[in-house]
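Undergrad: Keeping the supplied structure of chain U fixed, place chains S and X upon it in accordance with the hints.
Chains as they are written, first to last, in our numbering: chain U, 1 to 356; chain S, 1 to 197; chain X, 1 to 278.
If you're looking for bench data, these hints aren't it; they were derived computationally from the structure.
Wrong hints could be hidden among the right ones.
[As the list claims (entries may be wrong)] Here are the simulated SDA-like pairs of lysine to any residue, each with C-alpha atoms no more than 20 Å apart in a straight line:
#1 Lys238(X) x Gly339(U)
#2 Lys238(X) x Leu338(U)
#3 Lys10(U) x Asp74(X)
#4 Lys10(U) x Lys83(X)
#5 Lys138(S) x Leu193(S)
#6 Lys65(U) x Pro42(X)
#7 Lys143(S) x Pro113(X)
#8 Lys143(S) x Ser199(X)
#9 Lys87(X) x Asn8(S)
#10 Lys142(X) x Thr112(S)
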Amino acid sequence: MYVAVKGGEKAIDAAHRLLSEERRGDTTVPELSLEQISGQLTLGVDRVMNEGSIYDRELAALAMKQARGDLIEAIFLARAARTTLARFGYTEAVDTSAMQIRRRISAAFKDIPGGQILGATFDYTHRLLDADFDKTPAGVADVSLPRNMPKVLGLLEAEGLIEQSRPSTTTPSDVTQTPTSFPMPRDERLQSLARGDEGFLLSLAYSTQRGYGRTHPFAGEIRLGEVEVEFTPEELGFPIVIGEVTLTECEMINQFKGAADVPPQFTRGYGLGFGQCERKAMAMALVDRSLRAGELGEERIAPAQDEEFVISHCDNVQATGFVEHLKLPHYVDFQAELGLLRQLRTESVAVQEAAE
Amino acid sequence: MSEAITANPSHDRARNFRSILDAASHPGRIYAFVPHAPLGSGLSPEAATVALTLCDFLTPVWLCENFSTPATEHYLRFHIGAPLTRKANEAAFAFCDVASGVPDLAQFSKGTHELPDLSATIVLQVPQMLSDVGVRLKGPGIKNEHQFAAAALGGDFWRQMQVARRDFPLGIDVILVGPGAIAAIPRSTQILLLENA
Amino acid sequence: MNAPVYNFAYLNEQTKRMIRRAILKAVAIPGYQVPFAAREMPMPLGWGTGGVQVTAAILTPDDTLKVIDQGADDTTNAVSIRKFFVKTAGIRTTEATQDASIIQTRHRIPEAPLTENQILVFQVPIPEPLRFLEPRETETRKMHALEEYGVMHVKLYEDIARYGEIATTYDYPALVNDRYVFDPSPIPKFDNPKLGQCSALQLFGAGREKRIYALPPYTNVKSLDFEDYPFTLQSWEKPCEICGSRESYLDEIVMDDAGRRMFVCSDTDYCSKRQAMA
Chain U
1 MYVAVKGGEK AIDAAHRLLS EERRGDTTVP ELSLEQISGQ LTLGVDRVMN EGSIYDRELA
61 ALAMKQARGD LIEAIFLARA ARTTLARFGY TEAVDTSAMQ IRRRISAAFK DIPGGQILGA
121 TFDYTHRLLD ADFDKTPAGV ADVSLPRNMP KVLGLLEAEG LIEQSRPSTT TPSDVTQTPT
181 SFPMPRDERL QSLARGDEGF LLSLAYSTQR GYGRTHPFAG EIRLGEVEVE FTPEELGFPI
241 VIGEVTLTEC EMINQFKGAA DVPPQFTRGY GLGFGQCERK AMAMALVDRS LRAGELGEER
301 IAPAQDEEFV ISHCDNVQAT GFVEHLKLPH YVDFQAELGL LRQLRTESVA VQEAAE
Chain S
1 MSEAITANPS HDRARNFRSI LDAASHPGRI YAFVPHAPLG SGLSPEAATV ALTLCDFLTP
61 VWLCENFSTP ATEHYLRFHI GAPLTRKANE AAFAFCDVAS GVPDLAQFSK GTHELPDLSA
121 TIVLQVPQML SDVGVRLKGP GIKNEHQFAA AALGGDFWRQ MQVARRDFPL GIDVILVGPG
181 AIAAIPRSTQ ILLLENA
Chain X
1 MNAPVYNFAY LNEQTKRMIR RAILKAVAIP GYQVPFAARE MPMPLGWGTG GVQVTAAILT
61 PDDTLKVIDQ GADDTTNAVS IRKFFVKTAG IRTTEATQDA SIIQTRHRIP EAPLTENQIL
121 VFQVPIPEPL RFLEPRETET RKMHALEEYG VMHVKLYEDI ARYGEIATTY DYPALVNDRY
181 VFDPSPIPKF DNPKLGQCSA LQLFGAGREK RIYALPPYTN VKSLDFEDYP FTLQSWEKPC
241 EICGSRESYL DEIVMDDAGR RMFVCSDTDY CSKRQAMA
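So that you can see chain U by itself, here it is in the shape it has in the complex (with noise of 0.2 Å):
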């Protein structure tokens, strides 16, 4: 006599403890410390904080922790915590020019006021696996930089050779609390974009680079460094610093275009990101010029000029999600095929045999 299956709880129960098991790994091991972390895994932790979209080191060490080091799984942690906090508001925009710089590039001039100061780079490392890598250091000169250097991209607007970077007139929507559609307007985009998977941001990019849309990119200006962070309490009505983060920012200066009644311009891509994470910037810039195709004029052709397509599709908390949610059952469904593929072929061989 067939009895049901049961026990779904239970298994469930011993899944997580023999999980709890595996995270720990051996315990001869010392365990590691969100110290560690978030000092010396320091990329993953900003990666995590920039997808997660929340900017709290300990909290993303916790969660690369937590996920084992699987940062989508991390990145899903974050978030999950994200939407439990209060808000109590927004900032005001940072201001990047301001920004005490640690690292700050431009492919586009050979030196630039202030200089190009490489700050802590892979970039001319040369990539050999090393397990003696930082035994010997070297010193560091002791040179304090300044604040307020110049953005490449503004030496350009003040000969007029790049379009104009604007002031917003009203006020950005958060696609966190509202409802999004598209077409979408360009704040939205960057949102999405800024929070969306360094993978398949950078796979797009990419294609573009390759004749998927070309948008002739140069890096105007790369900068990493700390901004403040500035917010206006409605009992004080005058804004108070908060405290500070570190940005990566990237302006990329590409394709120009003109008009009919305009003299040609240089036009922009931006990318914008917590922590060190210039891939991440420089693949937002080059898809977010792409995605401005349509308010450039120009014929959509390519993946990354596909907005729904992008957008839709960039976020690795939703793509995960429903990737592996095909190992829920869905055996009801699959029955349902079954039955009707069955008597799909029986009535086609029927036919068949009827012919022959």
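TA: For chains S and X alone, kept in the frame of chain U given last:
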């Protein structure tokens, strides 16, 4: 707006919302509605409770003349954080005291063909509501027909509702509150007038 | 870093208000998909977050909750979601359909007819019935606005030309209140007749796609078909091997390597009640 939570206010709002949902799911049916609202709103406790349950900083609120007092405006700003608007077509919620007359329903947003949900909800404060008399209602939520009447809502109001109904799926949705009671007539409801209504 | 303090049923009040407003508009416009600012939840998107947000928004401490997946209370995801609500809301739960005031479901409608005191909440993966015919939201939105459902009728017609019948067995599209074509979620078409003129309110939540829609009680729902190819239900040759029902949807269980199969009710509560009566 503080999000500090204790169990009871959350439970109260949940029960209030279920009453509203019951009413919307069964147009014209009158449900008990237990108000939970701080005093001083200038609205009836039931109307204030609807405001506290459904409105917040994302929902512009329009007030009819009777309700456009400094006390009510302060209450809505302080307890709910709702932005107030004098432009009826910008309102997500409109609060009207039927005692000061039935509002012109055409002034409120009906939504668009692609987004019919971006439309107003009208909360009418009435002195009394009755079932089994009045206009006949038909449509989703109603098995066969249901009769409904409210004091101070006469032929003019119901004819306005019939006219509004022609734009379905565009339209406005109405919530009616009386003492200890709530009912609703969403835009999906067909209104059949009695001959002498 | 502060540990978050959870509200009743997890969602904060502002989120609940937002979802509650969307639910009311959905009820006012039967079958129309209301966009809502769905939140990230502690379970993955695509695993029922829409259903969970709807349930969390309507739940009161007075409710008794039943959660099923594939018709069964004991499937892993149903267990997980039920535990979530016990943990965050402390409400009573049940496996008995008739004792539940709210039933959250994935891919089935319970066999037992529902009552006016019940709300059925569906978990929906893809709310848009036209999605696989037209991937663009900008286009499908216009089709609904203009009541232009030609692409769907063409698809059904092409099935008949190719297979001799309509080849959709679940997610079967239906016309609601003579206005909107909707996707009833991946319930088997077997369950479609239960949708129309139901005594209970039915709410549909798609978290990842950010849409809520509704069927008020006693709403007309007509599964799409053609006069000469009317809508038909699935059937099985044998009854349920446990309770003998010839009227319920049956799961196929593979018994051994030789391919022996048996068929049992997908609705475990329905089956066990019948078994108890026998």
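Undergrad: Among the hints numbered above, which are violated by the structure, and what are their numbers in rising order?
TA: none
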